[in-house]
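Chemist: Sequence:
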Amino acid sequence: MNNTKLLFPFILAISASCASKEGGENTEAGFIDFSYEIDTVMVDAGDHFFFLNWGLSLSDVSPDRKYLYNLNPDSYLLEIVDLDGLKLKKTVQLEKEGPDGVGAPYYRKIQVLENGNICLFGQFKVNIVSEEGKLVNTIDFDQIKIPNYDQKEEEKIGWNSVLSDEGKLFASTLANVDYNKPAKGIVVIDLATDSINYIPMNLFHELKQFEIIHQVGNAPGIYSGESTYLRFIDDNLIISSSAYNEVYDYDTSTDSLSHFSFKATLTENEKIRNFPNQVSSNKEWADAEKAKNEQVSFQAFFKIPEQNIFWRVSTDKDRMIADSVVLKQVVTFFDDDYKMLKEQELENFHSSKKPFFKDGMLYSFINLEDEMAFIRLKPTITYE
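In our numbering, each residue's number is its place in the sequence shown (first place is 1) plus 345.
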């Protein structure tokens, strides 16, 4: 087993800024017709009990869409599901200690690469294991310093991170370990050459206004903020957030950043801050979270492979029933140039945190009496 510690002692190249262009408002819609059918399928676990406590938030689907990998962060048991047969394929026990040990970091996400390796993303470290549970690489981003940039001691790479499917490119926010300060931009590293590009962005400063901190005295605070999505599609890094109806597209081959904003008709276009940023009681925390969660929220962009168009789901307040809010779900389609093609409300469907397309259908996780199941949406898309 080749266990290589990548500490990036030398950075061969750097781009502290990139070409940038504004895409304007891509607001035209109505170029496609969209209808769908829905069914629900169960996954056969045999005599195994799936770890479902985190709603599959520590899971990922292989790039070929054949297998789903789900990590139990307590036992470090990796569950591998055959998505064609809808049954458990096998489990793999990862080691916490020893030469193959991966038990130190608190893991935020996992990602499966084209070669079958599984990436376990800690705060400032990525452990990469084979499907057999052998430690292949450890990438320690805490050691990276950006040349020609006045990097502060508290600024670290690796807080919100993603790898390209083939494992060549790594992208992350340049995060601040002090929660009182937002990230300043995005870092993209070519792992084959150790070259690094730094892309300053104001997005994270803008998102800072939507954070809520529950602080009592000198005790550790509870923090909640908006989601930021990083995703590689081909050679492009797609960056968006849950708070704004927009997307940033960074072309790694040309070192250029494009920004596109959209104008929705079925939802609001951005969150507003109608809640306090700091609270000191459980009631104040619940009230602030309720006010924020009643507003629009955007999920990540991803492509429908068979159609070669982008799909994104958003939620927003539909109506109130007594003191409870009823949310609606809206799907929006975009072409390769981020032109809006269609907005439509989804009925009788619930989009989970990590949906994925397989064989032309959208799979969305649902827990049915502690059993793994998926609601499947089969779209029919025709061009006018």
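Hints in this document: simulated from the structure, not taken from any laboratory.
Heads up, the beta-carbon is just placed ideally off N, CA and C, and yes, glycines get one too.
A portion of the hints provided could be inaccurate.
FRET-style restraints, in silico, Cβ to Cβ [what the hints assert, rightly or not]:
| no. | residue 1 | residue 2 | range |
| --- | --- | --- | --- |
| 1 | Ser598 | Asn627 | 24 to 34 Å |
| 2 | Phe376 | Ala564 | 49 to 59 Å |
| 3 | Asp680 | Gln554 | 44 to 54 Å |
| 4 | Gly448 | Ile377 | 46 to 56 Å |
| 5 | Ser598 | Asp392 | 43 to 53 Å |
| 6 | Asn525 | Phe376 | 40 to 50 Å |
| 7 | Ala636 | Asp429 | 36 to 46 Å |
| 8 | Gln554 | Thr436 | 19 to 29 Å |
Chemist: So, for every hint listed, does it hold in this structure?
Modeler: Each hint, compared with the structure:
Between serine 598 and asparagine 627 the beta carbon distance is about 50 Å. The supplied range of 24 to 34 Å is therefore violated. Between phenylalanine 376 and alanine 564 the beta carbons are some 53 Å apart, a value that agrees with the proposed interval 49 to 59 Å. Separation of aspartate 680 from glutamine 554 is about 31 Å and departs from the stated range, judged on CB atoms against 44 to 54 Å. Checked against the given bound of 46 to 56 Å, the beta carbons of glycine 448 and isoleucine 377, roughly 48 Å apart, stay inside it.
For the pair serine 598 and aspartate 392, the beta carbons lie near 49 Å from each other, so the given range of 43 to 53 Å is met. Checked against the given bound of 40 to 50 Å, the beta carbons of asparagine 525 and phenylalanine 376, roughly 45 Å apart, stay inside it. Judged by the Cβ atoms, the range 36 to 46 Å given for alanine 636 and aspartate 429 holds: they are separated by roughly 44 Å. Our hint of 19 to 29 Å for glutamine 554 and threonine 436 is violated, since their Cβ atoms are close to 43 Å apart.
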